[in-house]
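Enquirer: Here are the chains, one letter per residue:
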Amino acid sequence: MPHLLIVDDDEDILSLLTRFFQSYGHTVSIAADGAEMFRNLEAVSPDLIILDLMLPGEDGLTLCKRLRVKSSIPVIMLTAATTPMDRVIGLELGADDYIIKPFDPRELLARVKAVLRRVEPDLGDAANTPIRPILLFDTWRLDVSRRELRSSRNVLVPLSGREFDLLLVFAERPQQVMSRESLLDLAHGTTHDVYDRSIDTQVSRLRRKLEPDAMTPMIIRTVRSGGYIFTPSVRRE
Amino acid sequence: MSRKFGLDSVASRLAFTVMLAIAAAASLDLIFIDTAGVWAMPSLRNVGLFEQAATLTRVVSAVPVALRPRLAAAVGNETYTVAWASMTPVIADRRGTPKARQIMRELLHDPARQIMVFESQENLPVNRHDKVFGNAAYGMAVSLDDGSWLIFKVRQRSWGLKFWQRSSLVLSFILISTAGISFLAARSLVRPIEAFAEAARQFGANPKAPPMAERGPGELRNAAQAFNAMQTQIRRFVTDRTDMLAAISHDLRTPLTRVRLRGEFIEDPEQQRRLFRDVEEMQAMVDAALALFYDEATEEQSTSFDLSELVRLVVENLADQGRDVNFVGMDQVVYQGRPFTLQRAFGNLIENACFYGGAATVELETSADGIMFSVRDEGPGIPDLLLERVFSPFYRVERSRNRQTGGIGLGLTSARTIIRAHGSDIVLRNRPGGGLLVLVRLPLVEAARH
Numbered sequence: 001m002p003h004l005l006i007v008d009d010d011e012d013i014l015s016l017l018t019r020f021f022q023s024y025g026h027t028v029s030i031a032a033d034g035a036e037m038f039r040n041l042e043a044v045s046p047d048l049i050i051l052d053l054m055l056p057g058e059d060g061l062t063l064c065k066r067l068r069v070k071s072s073i074p075v076i077m078l079t080a081a082t083t084p085m086d087r088v089i090g091l092e093l094g095a096d097d098y099i100i101k102p103f104d105p106r107e108l109l110a111r112v113k114a115v116l117r118r119v120e121p122d123l124g125d126a127a128n129t130p131i132r133p134i135l136l137f138d139t140w141r142l143d144v145s146r147r148e149l150r151s152s153r154n155v156l157v158p159l160s161g162r163e164f165d166l167l168l169v170f171a172e173r174p175q176q177v178m179s180r181e182s183l184l185d186l187a188h189g190t191t192h193d194v195y196d197r198s199i200d201t202q203v204s205r206l207r208r209k210l211e212p213d214a215m216t217p218m219i220i221r222t223v224r225s226g227g228y229i230f231t232p233s234v235r236r237e
Numbered sequence: 001m002s003r004k005f006g007l008d009s010v011a012s013r014l015a016f017t018v019m020l021a022i023a024a025a026a027s028l029d030l031i032f033i034d035t036a037g038v039w040a041m042p043s044l045r046n047v048g049l050f051e052q053a054a055t056l057t058r059v060v061s062a063v064p065v066a067l068r069p070r071l072a073a074a075v076g077n078e079t080y081t082v083a084w085a086s087m088t089p090v091i092a093d094r095r096g097t098p099k100a101r102q103i104m105r106e107l108l109h110d111p112a113r114q115i116m117v118f119e120s121q122e123n124l125p126v127n128r129h130d131k132v133f134g135n136a137a138y139g140m141a142v143s144l145d146d147g148s149w150l151i152f153k154v155r156q157r158s159w160g161l162k163f164w165q166r167s168s169l170v171l172s173f174i175l176i177s178t179a180g181i182s183f184l185a186a187r188s189l190v191r192p193i194e195a196f197a198e199a200a201r202q203f204g205a206n207p208k209a210p211p212m213a214e215r216g217p218g219e220l221r222n223a224a225q226a227f228n229a230m231q232t233q234i235r236r237f238v239t240d241r242t243d244m245l246a247a248i249s250h251d252l253r254t255p256l257t258r259v260r261l262r263g264e265f266i267e268d269p270e271q272q273r274r275l276f277r278d279v280e281e282m283q284a285m286v287d288a289a290l291a292l293f294y295d296e297a298t299e300e301q302s303t304s305f306d307l308s309e310l311v312r313l314v315v316e317n318l319a320d321q322g323r324d325v326n327f328v329g330m331d332q333v334v335y336q337g338r339p340f341t342l343q344r345a346f347g348n349l350i351e352n353a354c355f356y357g358g359a360a361t362v363e364l365e366t367s368a369d370g371i372m373f374s375v376r377d378e379g380p381g382i383p384d385l386l387l388e389r390v391f392s393p394f395y396r397v398e399r400s401r402n403r404q405t406g407g408i409g410l411g412l413t414s415a416r417t418i419i420r421a422h423g424s425d426i427v428l429r430n431r432p433g434g435g436l437l438v439l440v441r442l443p444l445v446e447a448a449r450h
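From first to last, the protein sequence lines are chains A and B. With our numbering applied, the first sequence corresponds to residues 1 to 237, in that order. With our numbering applied, the second sequence corresponds to residues 1 to 450, in that order.
A few of these clues could be false.
Unchecked claim - Label pairs and their in silico Cβ distance ranges:
1) SER204(A) <-> ASP369(B): 29 to 37 Å
2) ILE229(A) <-> ALA284(B): 39 to 47 Å
3) ALA35(A) <-> GLU363(B): 54 to 62 Å
4) GLY57(A) <-> LEU245(B): 20 to 28 Å
5) ARG235(B) <-> ALA35(A): 35 to 43 Å
6) ALA43(A) <-> PRO210(B): 49 to 57 Å
7) ILE229(A) <-> ARG236(B): 52 to 60 Å
Said to hold, decoys possible - Chain A residues, not near chain B, derived (Cβ > 10 Å throughout):
8) ASP33
9) ASP47
10) SER72
11) ARG111
12) LYS113
13) ARG180
14) THR222
15) VAL223
16) ARG235
17) ARG236
Claimed, not checked - Just so you have them, the derived chain B footprint on chain A, three or more residues with Cβ under 8 Å:
18) 7 to 15
19) 153 to 161
Treat the hints as calculated values from the structure; they're not laboratory data. Ideal Cβ placement from N, Cα and C applies to all residues, glycine included.
In isolation and in its complexed conformation, chain B is listed as follows (with noise of 0.2 Å):
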């Protein structure tokens, strides 16, 4: 909407936002000088002032000529004085609503009625030569049947707001205005911003993310280009380097079954067990190869499957090979995603739990916002410092440990990056009474419901 505007600049749409807040900054504060007189000065009717010099203006009209000047000073209070004057008052400052002279006459039953009114627009004396209303803060002037005058003033108006009040009130108006519209301008300006960084993110965990969106400011769209191609550049890269790896461990395959085969015509059975076993983990280091590779490069189709028997499975698979593990999950917990790969996953968490861990105790939770697969063994641990090492490429904490124990360094790997393509990621960490917890938070699928 705004290129339309001409504001397919950062440097543009913040001078548009500055100018926009002063703009509506200015506005409220005009807004509130013209309107806002009505709440912050309240007007002579209001309090009833209108009322009483009607009254007092007949009072002192009945009363003898001589009589009315000590009656009119008689009749004052702290809120207003009465004065009384022969001649017709020289006002410099006739600024008060005609409105008023209207209320006074009616009260009056005179429509005819010379009537004076002031009101200051400050609560400041106004016109210092005005000799008749001086620093009053209202003040009126109504004419008498003989041609004198009768002269109310307002000392004060208390029920008004003070000087320092009103400048703060536009004061914060600017701020409020300006605040505002700077937080939703900024806001417009940054959620590209905070896109471009939620994409590197996702393509940092995940290399198969979708493009991000060339959305926003120019300088923005110009690095989300960029951005797209670095990413392109990198997955072609990473997916050759995956193909040539994939197709070496595939090869490797048809040698290995000539090996395997040549083995049975071996005499000396002890040669011909060994040779097996070298075969074996030959195989070993080819199917985890294979399937780090496979799970980037095939897309298994996603379905709605039943997690808990797919977690059971290789529980009990586990189990049946004399392996001390077992699950205390809930039952019949339907996820959305690969089962095949995830089966993969968290057979190389449950493994490595068995295999590293000595025992392992499998748990299937489902909440509000997702599941939560876990797996608590009972070994010694991972350092913490290499907590994050594990889940490199063939890193292995105990190397000295050899086949006996296991892989070849891929699972974890493996299983992170399936996981990681599920939209979650594994945590391990290292449990207070010993032994190491595994956790992997899935999101809840919106088909996810049995």
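Excised from the complex, chain A in its bound form (with noise of 0.2 Å):
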């Protein structure tokens, strides 16, 4: 079970969210500031962080950029900021993933599931490569830290949560043929509403956005044996 770091300067959330993880099998330390969490990072070495964005002295995200130069350990945010801003901020000094306060412990705890599924093919060559790149591919630019798909002509085009989530799940994986339950296991993890129709939705409101001709789709083919592949070849700036 993995063992995780929650830093939180609210005493009755730390002890609440120790608990809780504990309650499911993980093992949890906790830290109230910054220093306490480089302690804890040498003395327990942990699997995953969770991260309060307001701290006393050095806050979330100075924490998490200082971390990131030594450190590719996953890291969650607890944020109370509603703004997409402070969102992408956090996402672009490294943090892995984010969760807006007050939350439920379970999306939580399915989150640090995602994230520590993401992490692990690649933990071998995390350090070396930047962590979220700008991708590249036809004629489309996709910021993974900002989460924004671009035209040619700089056009933003909206994607929703979900629709990036799959679309990065695609880029990362160009020119392999991808199941419907890998996609949705890869994408959205394992605690999304399973139903397999939903994969198919998100591919075609995809297409639409991205292929010039959505009835012929170059970028997201449909694979007879059941699946999808994405076709083109991609790019990192």
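Two chains, two separate frames, one set of hints: put the complex together.
Expert: Printed below as a string of structure tokens:
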């Protein structure tokens, strides 16, 4: 079971989250500020950090930035902010996900699992590659940290959170046949409301946005044996 | 520019304008009198009378002296009369152009001929004491070889302008020049006032509107300065309040998080469900309040984006939640604006239509003058008297309906703030066939082409 390090200055939240995660079998360490976080990081070597944005002294963003210099340990930010700007900043500074207070702890649990699953495969070279690159394919530009899709003319095409997650899964695995199950799993984790068609709906919405002619898709093609393939080659910037 | 000439107040500008108008009218009148005589009073030459007079002079000269008076009298017609005189006529008024004498001498091939010319300035008898020309309009006396004279009189000038015509012409010159100059001057005076009114309107719609330029006459610059100072004060006042409310809403999240987490350990499932629902409700309020405050406090970057896809995103999200909503608009409408903020605004409008109107149809059209976004619903509409009230914060048409039907009364307030910050407004209309129509016309920004 993964080991979590929770950083928050609110004692109640710390103890409540500890109790909650322990009830699901996780090992939990806690820290009230940045200094304690860095001490615990070396002492217990956790698998994931849950980091509050608002902390006394150095705030979560600064800590996240400092953390990234020496470690690629996954970070989930707890934020009280609602604006997309705050979210973007957090993700740009290297957080892997964020959740807005107040939250359903089960949702946090799901994100912890999803983030851990996502980082596992490329654990080896994660420290060397930029964590959140810009992906270029066809005429499109996908800015992962800003969660933005833009056309060659720099026109922003709005994507829903799920559409973005799905497109990212595709763009990170070009020219691979992906089954609906693995797409669903990679994009939305195990907590998704399991119904198969939702992937098809999202693919057709993505096609409408990406393809010059959605009737004859060239970018995301359907594979007869059941699944999809992302055909264009992807460059990283 | 006018400041250089010491015209820095409305009063001096007004006085200067009147002076200028009168001066212009007077000069026009002078110019008319000086030059317009050419066409208002055509000279004799232009009507061929000189040629006739020269011919008649030769004819009369050719006959014996005894016949001359009768011949002269006989050749007159309704335009002119001719008379013969044995002595040099005494003419009181010799206002005639030297040019006329010159012409006549040339026609008679006699550069030394004695000729007297009279030309009245008005179509009036000029000199009643003049026995020779009397009340003639034009007159000419030509000496003959034996020292007698032939006198031509033109009775009236039917080809010239009459006195009242000339007078009304002069009057209209005065009116036109005065009106023209006053209009131009008043325009330059009124423009700063209009700018003032426009700035006040803009500030009313958008508290973040830039300060107005302090231009124009002194009085108006003073007013603009006072207005800008007031605007700054109001803005600071609003910002302070907003910051405070935002801080409160923001800080509520931590205790709410505690409550939500504690709820996990409540044994009674019914109590736990209710507690979660309460937390959600409070969270919705905090979210709505924060959204409203943040729209005012933060500046999302403006970018060009696919507005059709943004609206579809909202529509599809609601449709996924089982709402009866569809999109019938154009695709690939590109707009320059703040996408996240606008998504919230359009989201609020479309959600309202779904919640209160049952079914919603969302349209997006482009035309030469902008983008038209509209939402139609099938609900009961809003009483006309309340069409403005619904934009007030925390106002809800049906207070009896609680959280089951949606928000806390900040949706429209927030949407209007956002749309106004984009230079437009939200128009609500009850449709004749029932249901509410929501219209937003977005002005096309220059870069908004695909």
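Enquirer: A separate judgement is required for each hint: does it hold in the structure or not?
Expert: Here is what the structure says about each hint:
Checked against the given bound of 29 to 37 Å, the beta carbons of SER204(A) and ASP369(B), roughly 34 Å apart, stay inside it. Our hint of 39 to 47 Å for ILE229(A) and ALA284(B) holds, since their Cβ atoms are close to 41 Å apart. With their beta carbons about 57 Å apart, ALA35(A) and GLU363(B) fall inside the hinted range of 54 to 62 Å. In this structure, GLY57(A) and LEU245(B) meet the distance hint of 20 to 28 Å, their C-beta atoms being roughly 27 Å apart.
Under the hint 35 to 43 Å, the C-beta atoms of ARG235(B) and ALA35(A), about 40 Å apart, fit the expected range. One distance hint, 49 to 57 Å for the beta-carbon pair ALA43(A) and PRO210(B), holds here, with the actual separation near 55 Å. The hinted range of 52 to 60 Å is satisfied by ILE229(A) and ARG236(B), whose Cβ atoms lie roughly 58 Å apart. ASP33(A), annotated as away from the interface, keeps every beta carbon of chain B farther than 10 Å; the closest lies near 16 Å.
Under the 10 Å C-beta cut-off, the non-interface status given to ASP47(A) relative to chain B holds; the minimum distance is some 22 Å. The non-interface label for SER72(A) is consistent with chain B: the shortest C-beta to C-beta separation is roughly 28 Å, beyond 10 Å. For ARG111(A), the shortest C-beta to C-beta distance to chain B comes to about 15 Å, beyond the 10 Å cut-off, and the non-interface label holds. No beta-carbon of chain B comes within 10 Å of the beta-carbon of LYS113(A); the shortest separation is about 17 Å.
For ARG180(A), the non-interface assignment is confirmed: its Cβ lies about 18 Å from the closest Cβ of chain B, beyond the 10 Å cut-off. With 10 Å as the threshold on Cβ separation, the claim that THR222(A) sits away from chain B holds: the shortest Cβ distance comes to roughly 20 Å. Distance check on VAL223(A): its Cβ is at least 25 Å (rounded) from any Cβ of chain B, clearing the 10 Å threshold; non-interface status holds. With a least CB separation of 23 Å from chain B, ARG235(A) remains clear of the 10 Å interface cut-off, as annotated.
Chain B leaves ARG236(A) outside its interface by the beta-carbon criterion, the shortest separation being 23 Å against a cut-off of 10 Å. Counting residues of the region 7 to 15 of chain A whose beta carbon lies closer than 8 Å to any beta carbon of chain B gives 3, which meets the minimum of three for the stated coverage. For the region 153 to 161 of chain A, the assignment as covered by chain B holds, since 8 residues bring a beta-carbon within under 8 Å of that chain's beta-carbons and 3 suffice.
Checked against the numbered hints above, the structure breaks none of them.
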